[in-house]
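Chains V and A are the protein sequences, given in the same order.
Note that the first sequence covers residues 1 to 356 in the working numbering.
Note that the second sequence covers residues 357 to 875 in the working numbering.
The set of hints was computed from the structure by calculation and includes no laboratory data.
Glycine residues also receive a C-beta, built at the ideal position from the N, C-alpha and C atoms.
One or more of the hints may lead you astray.
[Unchecked claim] If you want a taste of the chain V side facing chain A, the calculated C-beta under 8 Å gives, among others:
(1) A10
(2) F13
(3) V15
(4) L19
(5) R215
(6) T216
(7) T217
(8) T218
(9) H230
(10) G234
(11) L237
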Amino acid sequence: MRGADELRRAAEFVVVPALALAISAAIFSAILLAMGQSPAAFFQLLWRGAFGTAFSWQNTLQRAAPLILTALCVALPARAGLMIIGGEGAFVMGGLAAATAALPLLGWAPAPLVLLLMAIAGTAAGALWIGLVGVLRHRRGVNETIASLLLAYIAVAVLSFLVEGPLRDPASPNKPSTHPIGAETMLGPIPGTSVHWGLVAGLIACLAAHVLISRTTTGFAIRIAGGNPHAALGQGLPVGRLLVLCCLLAGAAAGLAGFFDVATVHGAANVSLVAGYGFTGILVSFLARHNALAIPPVAILFGGLSAAGGLIQRRLGLPDATVALLEGVIFVTLLTSETLYGRFAIFQPRGARQRP
Amino acid sequence: MPEAFTIPAARGAALEAIGLSKRFGAFQALDRVSLKVPAGEFHALLGENGAGKSTLVKCLMGFHRADEGEVLLDGREARIRNPREAQALGLGMVYQHFTLVPSLTGAENLVIARRNAPAVIDWAAERRRLDAFLDRTPFRVPLDRNVGALSAGERQKLEILKLLYLDQRFMILDEPTSVLTPAEADEMLGHLKAMAERGEITVLMITHKFREVKAFADAVTILRHGRIAGSGRGLTTREMAAMMVGEAPGPDKGKAVQPLRREMPRSHEPALELAGLFAEDGDGRPALRGVSLKVAAGEIVGLAGVSGNGQNALVEACCGQRPLTDGQIFVNGRDFVPTRRAFDEAGMFVVPEEPLRNAAVFGMSIADNIAFRRFEKPPLSRRGWWLDRRAISAAGRELMARFRVAGPSPDAPIGALSGGNVQRAVLARELSSERISVLVVANPCFGLDFASAADIRARIVEARNNGAAVLLVSEDLDEVLELADTVAVISNGRITYKAPIAHVDRGSLGVYLAGGSDG
Numbered sequence: 001m002r003g004a005d006e007l008r009r010a011a012e013f014v015v016v017p018a019l020a021l022a023i024s025a026a027i028f029s030a031i032l033l034a035m036g037q038s039p040a041a042f043f044q045l046l047w048r049g050a051f052g053t054a055f056s057w058q059n060t061l062q063r064a065a066p067l068i069l070t071a072l073c074v075a076l077p078a079r080a081g082l083m084i085i086g087g088e089g090a091f092v093m094g095g096l097a098a099a100t101a102a103l104p105l106l107g108w109a110p111a112p113l114v115l116l117l118m119a120i121a122g123t124a125a126g127a128l129w130i131g132l133v134g135v136l137r138h139r140r141g142v143n144e145t146i147a148s149l150l151l152a153y154i155a156v157a158v159l160s161f162l163v164e165g166p167l168r169d170p171a172s173p174n175k176p177s178t179h180p181i182g183a184e185t186m187l188g189p190i191p192g193t194s195v196h197w198g199l200v201a202g203l204i205a206c207l208a209a210h211v212l213i214s215r216t217t218t219g220f221a222i223r224i225a226g227g228n229p230h231a232a233l234g235q236g237l238p239v240g241r242l243l244v245l246c247c248l249l250a251g252a253a254a255g256l257a258g259f260f261d262v263a264t265v266h267g268a269a270n271v272s273l274v275a276g277y278g279f280t281g282i283l284v285s286f287l288a289r290h291n292a293l294a295i296p297p298v299a300i301l302f303g304g305l306s307a308a309g310g311l312i313q314r315r316l317g318l319p320d321a322t323v324a325l326l327e328g329v330i331f332v333t334l335l336t337s338e339t340l341y342g343r344f345a346i347f348q349p350r351g352a353r354q355r356p
Numbered sequence: 357m358p359e360a361f362t363i364p365a366a367r368g369a370a371l372e373a374i375g376l377s378k379r380f381g382a383f384q385a386l387d388r389v390s391l392k393v394p395a396g397e398f399h400a401l402l403g404e405n406g407a408g409k410s411t412l413v414k415c416l417m418g419f420h421r422a423d424e425g426e427v428l429l430d431g432r433e434a435r436i437r438n439p440r441e442a443q444a445l446g447l448g449m450v451y452q453h454f455t456l457v458p459s460l461t462g463a464e465n466l467v468i469a470r471r472n473a474p475a476v477i478d479w480a481a482e483r484r485r486l487d488a489f490l491d492r493t494p495f496r497v498p499l500d501r502n503v504g505a506l507s508a509g510e511r512q513k514l515e516i517l518k519l520l521y522l523d524q525r526f527m528i529l530d531e532p533t534s535v536l537t538p539a540e541a542d543e544m545l546g547h548l549k550a551m552a553e554r555g556e557i558t559v560l561m562i563t564h565k566f567r568e569v570k571a572f573a574d575a576v577t578i579l580r581h582g583r584i585a586g587s588g589r590g591l592t593t594r595e596m597a598a599m600m601v602g603e604a605p606g607p608d609k610g611k612a613v614q615p616l617r618r619e620m621p622r623s624h625e626p627a628l629e630l631a632g633l634f635a636e637d638g639d640g641r642p643a644l645r646g647v648s649l650k651v652a653a654g655e656i657v658g659l660a661g662v663s664g665n666g667q668n669a670l671v672e673a674c675c676g677q678r679p680l681t682d683g684q685i686f687v688n689g690r691d692f693v694p695t696r697r698a699f700d701e702a703g704m705f706v707v708p709e710e711p712l713r714n715a716a717v718f719g720m721s722i723a724d725n726i727a728f729r730r731f732e733k734p735p736l737s738r739r740g741w742w743l744d745r746r747a748i749s750a751a752g753r754e755l756m757a758r759f760r761v762a763g764p765s766p767d768a769p770i771g772a773l774s775g776g777n778v779q780r781a782v783l784a785r786e787l788s789s790e791r792i793s794v795l796v797v798a799n800p801c802f803g804l805d806f807a808s809a810a811d812i813r814a815r816i817v818e819a820r821n822n823g824a825a826v827l828l829v830s831e832d833l834d835e836v837l838e839l840a841d842t843v844a845v846i847s848n849g850r851i852t853y854k855a856p857i858a859h860v861d862r863g864s865l866g867v868y869l870a871g872g873s874d875g
C-alpha cells in the first residue's frame, strides 16, 4: 500500500516532464512544418547527432559536463527557496580565476600542482560571486534573481576588460586571451574517450549535493528554510546563513565548471567562456525539478541537443539558432507543466485522497 | 449620467433581515438572525470574533447565500444572489482593509469603480462632475494624489466617497475605524451620522468599540454564537458587554479540565518575561506598543483580545519570526535571543496559529515536520550531521499515534493532512519534549471540533502541571477563562488588563476587550 503510494508519486515526476517534452516536440514540429521542413527528418538527425554513434555520444557527454555543474548552481539555491539564474557569471569568473591563478606558476611548478591551484581558484571565485548574491539577499533584501543575472553581465565585462587589458597575452592578436597554460599543463580526457574529467566531477558533485540535501542535518535545515522561511525562523534556524551557504556551494559548482572549460578546452581565459552554459543550466535544473540526482540525465539530454546542432545545421540548412529555439520551447512548456502537478487523481496517494 | 452624482434625490434604504440562517458544514454560523434597520438609521452590529457578524453582512451583500430567511429592502423582498446585485440595489460595503488601487489617484479610483465607466475617459469633464459631487459631501479628500500617498483616514474617507459616488446608500461598514486614529474615526463617523440624520444614507456598522456605539449609533444589535444576543437603543456599556460575552458558563462547563489542575509552587522569578516589547506590522505601523508581561512556571497566562490587536506580532516576536524594535524577552531570567541553541537550552516551544502557514513545511513529510525541533540530536541523527531517516520516520509514527494524528503514513507530505491534523502534528512536535519550560500557544483550537479541542486543551494544562510557563494567546474568551490561571487583555498593542482568574468578572472583561476603559 505504502509502496504503491510512493510509486504513484514518483510516477508523477516522470510522466509530467515526459508529457511536457512531448508537447514541446509537437509545438516545434509545427514550427518546422511552417518553415517547410520535415519534423521526422529533424528528430531523426537530432537523435543521430546526439546519441546515434560513439562519436556523437562523446560529443554529447562533453557538452553535458559543464551543464551538470551549472545546473547545480540553480538547483542548490532552489532548495533553499532562492532562484539564482546567474550561473553564467560564476562560470566565467571561475574560468578567469583559474587561468589567472596559473600565470605565476607556469614554467616551474609541476602540472598537477598548477591544476590543483587553478581548480581551487576557479571554485573559490565562483563561490564568492554567487555568495555575494546570497549576502546581498540576506543583508539587504536584494532580489537574488535580478542580482545574479546582472552580476553575470558584470562578470562578462570583467572578463573582457582583463583579457583585452592587463591580462592580455600579446601573442593573441585576433582573440584576446590570457597567457595559455600550455598543452603540457592542460588536463587530458578520460582515458579511452574524448570526454574530459569535468563529467566525473559533475557526477560526484551531484551525488554530494544529493547527500547534503537529503541525508545531512544541514540539508534538512536548508529544506525547512527553503520550504517555509517563516517557520524556519520559528525553529531558531539561521535562515540567512543557510541561504548564503547554498549560494556559496552553488557558485563553487559553476566556478568549477569554468575551471574545467579552461583546463580542458580553451587552455586560456577568453570570450569563448561565454557560451551560455550558465543559462542552459537553468533549463536543466528546472527540468530536473532541482533534484540533484535527476540533473545528469537531463544535462545529457540538453548536451545532446546542442551536440546535434551542427549536424542539423549542415544537413537541413537550418540556422544555428534552431536548437536554441527548441530549448526555449522546452523551457516554456516545462514551466507551464509545473501547474499540472497534483491535478491527476491517478498519482495521488490513496490515503491523502480520502481526506475530508 | 449626471444623475449618478446628485445627492439630494437619493435616500438611504431601509433593510430588514428575517430569520437568516447559514451553515458551513457542521458549523452553524447564523441561527435565525433577524435585524431591522429603518431608513436613515445608524445601526451598530457588535459581537466577538466568530459571533457571525461577518457572515451576516456577507449574506446581505450576496457573498454567501443564506440557507433560510429573507431580506427586505424598503419593505420589498430582495433576492441578492451576488455582490453585483447587492450593489445594483444600492447596498455598498466598506471593508476592514482597503480596496482602492494605491497606484492610482483618488479621482481615477472613483471613475474606474463605476460599472459603466467608458473605455475612453474625458478627464476634464469627469473632474468637473467629481468636483460638483464633492461639493455636496462633507468629506474633503485630495483627489489628485495617488491613493498610496494618502493617510489611512483619507483612504477610508475615499472608500466611503466611493459608495456615495456609486449611489450605494445603504452602507455596511466592517470595522471602518480599526486603521484610524481616534480623531480620524470621530471625524468620519460624525459626518456619516449627520448624513444619516438627514436621511441621505443608512449605516450598518460592525465594530468592537463600545465608545463608537455610544457616541454615534442610534441602535445596536449584538450577536453571540450566531444568534441575536440582544438589541436596543441607549444600552449602557456594561449591558452591551454582558450580551457580547454572554452569561458566566454553567456549572458543568469548564469543569472538564479543572480536576486536572494541580497547584504549583509558583516561583517568584518569572519563567517568561516580556519587557516593554515594541514591534511593527508588515506595513511598518506599530503593532506592539510596549507589551510587558510575566509568566511564572506552572502558570497559564491567558491573553484575551479581539483579533488584530497585536496578538500575531506578539507570538511572532516571541519566536523570532518578527524583529523587535525595542524591548527584551527573558526566559528563566536570561536574555532570550531566538537562536536554535537558545530555544533548546531554554526549553521554549511555540505553537503559532495557522500552523501550516507558520510552523510547517508543506512539501516535507509529516515525520520530517515533527522532527523540526530535534533533528540534529540523537537518535534522529548521528554525530550531529548524518540524518537517520529511519529513526525520523519511526519517531514520527510514534508521535502521530500518541497525539492521534490521522494521516496516511509518516512519510506522506504534511500538506495532505486536514487542518486539525496539521495542528496535532505541530503540537506533537512542540509538546513532546521532556523538558518544556516555556510554551507559547496561539489559538490552538481554532476551527477544531469539540473533542479535538478538549484533547488539545488537556495537553496544554498537562504541560502547565509539569511546570511549564504557558502563554496562551486566544481570541476565544471561553477558552481563556477555562484554562488560564491569570487573565490578561491585549488591546491596540498594549496589555490593558491583568488579574488572577479568581478576580475576573466577565462583564468588566468585555469592556476591556472592546477597548474601552469603563463607562
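Quick check: which numbered hints come out false for this structure? 1, 2, 3 and 4
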